[in-house]
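First residue of the sequence shown? That's 1 in the UniProt record's numbering, and the numbers climb one at a time after it.
Keep in mind that the hints were calculated from the coordinates and are not lab data.
Please note that a few of the clues may not be correct.
[Said to hold, decoys possible] DSSO-like, lysine-lysine: derived pairs with alpha carbons at most 27 Å apart: (1) Lys39 <-> Lys53; (2) Lys135 <-> Lys39; (3) Lys83 <-> Lys120; (4) Lys39 <-> Lys83; (5) Lys55 <-> Lys39; (6) Lys120 <-> Lys53; (7) Lys135 <-> Lys120.
[Said to hold, decoys possible] Listed next, with one range per pair, are the computed distances between beta-carbon atoms: (8) Gly88 <-> Leu10: 19 to 25 Å; (9) Gly88 <-> Asp7: 31 to 37 Å; (10) Gly119 <-> Asn21: 38 to 44 Å; (11) Leu10 <-> Lys39: 19 to 25 Å; (12) Phe116 <-> Glu32: 16 to 22 Å.
As the structure is a prediction and not an experimental result, all values here were calculated from the model.
Idealized CB from N, CA, C, for every residue including glycine.
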Amino acid sequence: MGQFVPDLSLTSLNMVISLVNHDLQLELQENEVEVSDVKTSNEMDRDTTAVVKIKRPDNRTLQIYYNRLTAERWLNQQPILVKVSGDGFTAHDLIDGINAACGCNLQPDDLTDESFTVGKNAVTLQVSPNSLGYKGQFSVLVFGNDEEAAVVKDNDLIVTADNRVLTFGG
1 MGQFVPDLSL
11 TSLNMVISLV
21 NHDLQLELQE
31 NEVEVSDVKT
41 SNEMDRDTTA
51 VVKIKRPDNR
61 TLQIYYNRLT
71 AERWLNQQPI
81 LVKVSGDGFT
91 AHDLIDGINA
101 ACGCNLQPDD
111 LTDESFTVGK
121 NAVTLQVSPN
131 SLGYKGQFSV
141 LVFGNDEEAA
151 VVKDNDLIVT
161 ADNRVLTFGG
């Protein structure tokens, strides 16, 4: 059994199920598992503990210990750019754009639904303490009306807004 590598395209619940399957050599599906009593932990060098009820074959209950993914490390591997139009946004309004940019599968339960104002600076989003798969915070650069991003060459990104330039990359 090799080291577990998380599949970001899965929901947080399915990432936990995938971890349980990997470690216990099982093939559980989402409809066969209930995860509850998720808490922070400092036992067994893991940051999270949860109770997993396996509905088949004998309704086994497991106490699991695992590390949630640090959102900044896993999601901010490259700048996340999301374009919005209109006014009055919350973090949940950005989920589809974040998922498209990162190849992840964040759900509303993964993010604290805070409002923000589209402006010149990146928006810092907080992961919900109830997220099964992630912890911490990460940033998203949100483009509003009449703002665009332009790529000029590999790994260089220029963001223009009101005659200001911000560069990422080499």
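Each hint tested on the structure:
no.: 1; hint: Lys39 <-> Lys53; result: holds (16 Å)
no.: 2; hint: Lys135 <-> Lys39; result: holds (12 Å)
no.: 3; hint: Lys83 <-> Lys120; result: holds (13 Å)
no.: 4; hint: Lys39 <-> Lys83; result: violated (34 Å)
no.: 5; hint: Lys55 <-> Lys39; result: holds (22 Å)
no.: 6; hint: Lys120 <-> Lys53; result: violated (46 Å)
no.: 7; hint: Lys135 <-> Lys120; result: holds (26 Å)
no.: 8; hint: Gly88 <-> Leu10: 19 to 25 Å; result: violated (31 Å)
no.: 9; hint: Gly88 <-> Asp7: 31 to 37 Å; result: holds (34 Å)
no.: 10; hint: Gly119 <-> Asn21: 38 to 44 Å; result: holds (43 Å)
no.: 11; hint: Leu10 <-> Lys39: 19 to 25 Å; result: holds (22 Å)
no.: 12; hint: Phe116 <-> Glu32: 16 to 22 Å; result: violated (38 Å)
Of the hints listed earlier, those the structure fails to meet are numbers 4, 6, 8, 12, in rising order.
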